[in-house]
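In terms of this note's numbering, the sequence shown opens at residue 1 and continues consecutively.
Careful, some of the hints might be misleading.
Stated by the list, open to error - Pairwise CB distance ranges, derived in the manner of DEER restraints: (1) S2 to Q61: 31 to 37 Å; (2) L45 to V78: 15 to 21 Å; (3) Q60 to A33: 18 to 24 Å; (4) S2 to R75: 26 to 32 Å.
The set of hints was computed from the structure by calculation and includes no laboratory data. Predicted, not measured: the structure shown is a model, and the values here were computed from it. For each residue, glycine too, the CB sits at the ideal point set by N, CA and C.
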Amino acid sequence: MSNSAKLAWQCRRGTLELDLLLRRYLDQQFPSAAAAEQQAFQTLLNLEDDVLIGLLLGEQQAESKSLRLLVQKIRQLV
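Turn these sequences into a full structure, and let the hints guide you.
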């Protein structure tokens, strides 16, 4: 499985809101993102769904600055 296919699979979370937000970022921003941002996205995908939805819906704030910036960028794609 290629890296992009693996990431696409990891974006499938079973919650429509998460699926849409993550796939939109993957398709529109990830290919041209800097390596550090791509790594932050992979870190984000490793989070549990309840934490991830809290971050992306603005109910929680990520501890690391790189994740906070990435979450903000993903939320602006709506």
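Given the range 31 to 37 Å, decide if the beta-carbon distance of S2 to Q61 lies inside it. holds, 33 Å
Go ahead and decide if the range 15 to 21 Å is satisfied by the Cβ distance of L45 to V78. Holds, since L45 and V78 (Cβ atoms, about 18 Å apart) stay within the stated range.
Is the gap between the beta carbons of S2 and R75 within 26 to 32 Å? About 27 Å separates the Cβ atoms of S2 and R75, which means 26 to 32 Å holds.
Given the hint of 18 to 24 Å, is the C-beta distance from Q60 to A33 inside that range or not? holds, 22 Å
Violated hints: none; the structure is consistent with every hint.
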